[in-house]
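The listed protein sequences correspond, in order, to chains R and C.
The working numbering puts the last residue of the first sequence at 510; the count rises by one with no breaks.
The working numbering puts the last residue of the second sequence at 1312; the count rises by one with no breaks.
Keep in mind the hints are simulated off the structure, nothing from the lab.
Be aware that a few hints might be false.
What the hints assert, rightly or not - Computed list of lysine to aspartate or glutamate pairs in DMTMM-like fashion (alpha-carbon distance at most 20 Å, straight line):
hint : chain 1 : residue 1 : chain 2 : residue 2
1    : C       : K1171     : R       : D188
2    : C       : K1186     : R       : D421
3    : R       : K391      : R       : D344
4    : R       : K202      : R       : E32
5    : R       : K504      : R       : D204
6    : R       : K277      : R       : E226
7    : R       : K496      : R       : D204
8    : C       : K1171     : R       : E119
9    : R       : K237      : R       : E226
10   : R       : K192      : R       : D211
11   : R       : K277      : R       : E321
12   : R       : K192      : R       : D204
13   : C       : K1186     : R       : D311
14   : C       : K1186     : R       : E466
Said to hold, decoys possible - Distance ranges between label pairs, derived from CB positions:
hint : chain 1 : residue 1 : chain 2 : residue 2 : range
15   : R       : K72       : C       : F1074     : 50 to 58 Å
16   : R       : D324      : C       : I1294     : 56 to 64 Å
17   : R       : D269      : C       : Y1278     : 44 to 52 Å
18   : R       : S145      : C       : W1249     : 32 to 40 Å
19   : C       : L1164     : R       : S145      : 49 to 57 Å
Given the structure is predicted, the values throughout are model-derived calculations rather than measurements.
C-beta: ideal position from N, C-alpha, C; glycine also.
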Amino acid sequence: MNSPILRMENIVKTFPGVVANRGVNLEIRRGEIHALLGENGAGKTVLMSILYGLYVPDSGTIYLNGQPITIKSPKDAIAKRIGMVHQHFMLEPTLTVAENIILGQFPSWTILNKQRIGEVHEKIRSLSNQFGLGVDPAARVSRLSVGEQQRVEILKVLYHGADLLILDEPTAVLTPQEASRLLEFLRDLAKKGLTTIFITHKLDEVMQVSDRVTVLRDGQVIGTCETRETNPRALAKMMVGREVLMDLHRKLASPGEPVLAISNLRVRDARGLPVVKGVSFTVRAGEIVGVAGVSGNGQSELALAIAGLIDDVAFDRFQLEGKDVTRRDLRAASHRHSAHIPEDRQKMGMVLPFSVSENFILEEYSSPRFARHGFLRGQAIRSYSQNQVKKFDIKVSDVSEEIANLSGGNQQKVVVARELDRHPGFLLVNQPTRGIDIGATEFVHQQILAQRDGGTGILLISTDLEEIFALSDRILVIFEGEIIGELPSDRSQVEKVGLMMAGKRDPDRE
Amino acid sequence: MDVAVILAFVSGILAATWRMATPLIYASVGEVFAERSGVINLGLEGIMLVGAFNAYTAAFYSGSLWLGLLAALFTGVLLGLLFAFFTVTIKANQIVVGTAFNLAGSGISGFLFESIFLKSNYSSLGIPTFNDLSFPFLTKIPYLGDILFHYNILVYITVLLVPLASFVLYKTAFGLAVRSVGAHPKAADTMGISVSRMRYICVVIGSVLTALGGATLTLAFANQFVEDMTSGRGFIALAAVVFGGWTPWGATAASLLFGVFYALQLRVQAMNSVLLPYQFLQVLPYVATVLALISVRHRAGSPKALGVPYRS
Chain R
1 MNSPILRMEN IVKTFPGVVA NRGVNLEIRR GEIHALLGEN GAGKTVLMSI LYGLYVPDSG
61 TIYLNGQPIT IKSPKDAIAK RIGMVHQHFM LEPTLTVAEN IILGQFPSWT ILNKQRIGEV
121 HEKIRSLSNQ FGLGVDPAAR VSRLSVGEQQ RVEILKVLYH GADLLILDEP TAVLTPQEAS
181 RLLEFLRDLA KKGLTTIFIT HKLDEVMQVS DRVTVLRDGQ VIGTCETRET NPRALAKMMV
241 GREVLMDLHR KLASPGEPVL AISNLRVRDA RGLPVVKGVS FTVRAGEIVG VAGVSGNGQS
301 ELALAIAGLI DDVAFDRFQL EGKDVTRRDL RAASHRHSAH IPEDRQKMGM VLPFSVSENF
361 ILEEYSSPRF ARHGFLRGQA IRSYSQNQVK KFDIKVSDVS EEIANLSGGN QQKVVVAREL
421 DRHPGFLLVN QPTRGIDIGA TEFVHQQILA QRDGGTGILL ISTDLEEIFA LSDRILVIFE
481 GEIIGELPSD RSQVEKVGLM MAGKRDPDRE
Chain C
1001 MDVAVILAFV SGILAATWRM ATPLIYASVG EVFAERSGVI NLGLEGIMLV GAFNAYTAAF
1061 YSGSLWLGLL AALFTGVLLG LLFAFFTVTI KANQIVVGTA FNLAGSGISG FLFESIFLKS
1121 NYSSLGIPTF NDLSFPFLTK IPYLGDILFH YNILVYITVL LVPLASFVLY KTAFGLAVRS
1181 VGAHPKAADT MGISVSRMRY ICVVIGSVLT ALGGATLTLA FANQFVEDMT SGRGFIALAA
1241 VVFGGWTPWG ATAASLLFGV FYALQLRVQA MNSVLLPYQF LQVLPYVATV LALISVRHRA
1301 GSPKALGVPY RS
């Protein structure tokens, strides 16, 4: 039971300009659930991608069942009964479940006739029943929900006979209920003898499901311990390298006048289908309104509509800081009265090949502060940028450095610094901490709270329930383009919000 | 005009349609493979031209049309490997490489033709061409015989080629791998499929069929090479792939549609009574192409990773 199934010794992997793994040692025991904990960029995914043959390490040895092995490609990994469920699903939506599962399995010249496909379907069905996954092999992947797609991914790994399962941040895309069902399922698999490596940055999941945990930071192993002998605070400290505030201290909100009032907002997507279906709400000065929901339920379109960045929008009323806005001048009014921290910082929040200081002035470049007679004032821009860098503790060698070279957390700080400096009456924040480390998350959260205390009305859209509860004063739940409920921001409501995120309009009535 | 005249006119057009569509069918069905694997080979025009030239040269010196065909096949393999090397291995921009192929194909074939053939004193530059097959009875059926049963072997090969291509793409493990590599290469990679290998194979398939399409021009339709004789057929084949929704049957249907306009243009030119300058008529197939592409501009179905080099 306790013999190691896998040992990775002294794994080193560098990419141009980045050392992802600097001599990592990892030992996995047969039949255990082993959590691999670390912040984004700590090297967890790279380490597992090496194990799965997606990357070749610069040096180091992998032992499977005591034998040194080399894994040059995912084909090798599959042959050695290693399977991986990636954070971004590796499923082609236009193909069926079965087609996705048998990709690469048969020699090229194999004819996929009815009989052969029938056999495959049969095998998938029986596996699906055996593990209670409820997967239909003939279904087209594009028709499946995110939770179902994940079950297909797991089934894919089981189909290929894996006895070592790697899961990369599997709960990131799930509702809380789906996530806890997944964790239970993993326990079941462990009972059946499967070994699982579970990549995560969520401490509660580690505590809930794992037998042992290894913490990675900056590409190095900080330590491995038995889960029952440790606690979240100790793990957080190992992960970040210093004490972390586990809870933000939040003063009671004192809401003022409405800064954003919307009624019956509708948005259609490129194909003309409704994605936001008549949404009405108000955000008042000095409060944070959280919008909770599973990704893809209309949040992105809602944010773009409020920022005036999408064409097919209609509404009965749209007021910013008490003034009525028409459809035609929505973009201009939104720019005048509000600031926007967009969900995808790299695509919408910055110009990657530009320098840090150029990114600071993206919106205000023509104001007298930064330009005179149409010429940029280099010195003013530079000293302004240096100031901002200091104020927001942004790690950068010089403000003339390309922003593309910064870590995700520091990039996000640039965006936040720029937007907050516009002193908006209304602030639209979408996924402010996705993919950034705990330290930067903490900082961004504090900045958002400080902004609220300074009297800004804030709409916070996030798929991270932790974040919603940590920051919001009120919570709206969005499901399939509709706001299906409003709740107070109170931890006791977590389960209710989770059920509503899955589409239950009135969870109390069950 | 009475019915017989109209009937003769229409059957005249239809009788030339399949022949005019044949080079397009070869090239577009081949290109379906390349594009379904994620590589857009904009260099079809150049490859077709070089294929036509090499087929002609080989046939001219050997006296064998089959050796000419073989030369086109090798040309396709070599150019396909070269194109794949640039776009898959080096990951160069596919549009730029394709454009370079077109420029080089036109320049090299034109230059070689001039220096090898035009500057020498061959008494004739003509070669024999593939004869039309004749079928007992069938060829003699009025109208239908003309429309279906009076072509050479290269035209009839398309009858086998298209269903075969469709079968390979949709009913074999290879085809499944091709489609996955063009739509979601990372997923294919994680399942142990070599994205590079698949793309090499598919680019070569596309290039070979395109070069063979070029060979039909010199070995079956004209009896000698002419500078830039493909006159845009490579580009029209690319359009046929899009208009045909990236399927072998669709690309073939699109090729036949464009073939109708080639045939119409030829037919009308041959009628002395028409007052339009012939250049206006020559434009017909290209106008049809543009209109066809406009009509499908909203259609989904393009392989999602089309034109994007894969980096693991």
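Hints, one by one, checked against the model:
no.: 1; hint: C:K1171 - R:D188; verdict: 37 Å, violated
no.: 2; hint: C:K1186 - R:D421; verdict: 40 Å, violated
no.: 3; hint: R:K391 - R:D344; verdict: 23 Å, violated
no.: 4; hint: R:K202 - R:E32; verdict: 19 Å, holds
no.: 5; hint: R:K504 - R:D204; verdict: 25 Å, violated
no.: 6; hint: R:K277 - R:E226; verdict: 49 Å, violated
no.: 7; hint: R:K496 - R:D204; verdict: 19 Å, holds
no.: 8; hint: C:K1171 - R:E119; verdict: 15 Å, holds
no.: 9; hint: R:K237 - R:E226; verdict: 16 Å, holds
no.: 10; hint: R:K192 - R:D211; verdict: 15 Å, holds
no.: 11; hint: R:K277 - R:E321; verdict: 24 Å, violated
no.: 12; hint: R:K192 - R:D204; verdict: 24 Å, violated
no.: 13; hint: C:K1186 - R:D311; verdict: 33 Å, violated
no.: 14; hint: C:K1186 - R:E466; verdict: 31 Å, violated
no.: 15; hint: R:K72 - C:F1074: 50 to 58 Å; verdict: 33 Å, violated
no.: 16; hint: R:D324 - C:I1294: 56 to 64 Å; verdict: 41 Å, violated
no.: 17; hint: R:D269 - C:Y1278: 44 to 52 Å; verdict: 48 Å, holds
no.: 18; hint: R:S145 - C:W1249: 32 to 40 Å; verdict: 33 Å, holds
no.: 19; hint: C:L1164 - R:S145: 49 to 57 Å; verdict: 38 Å, violated
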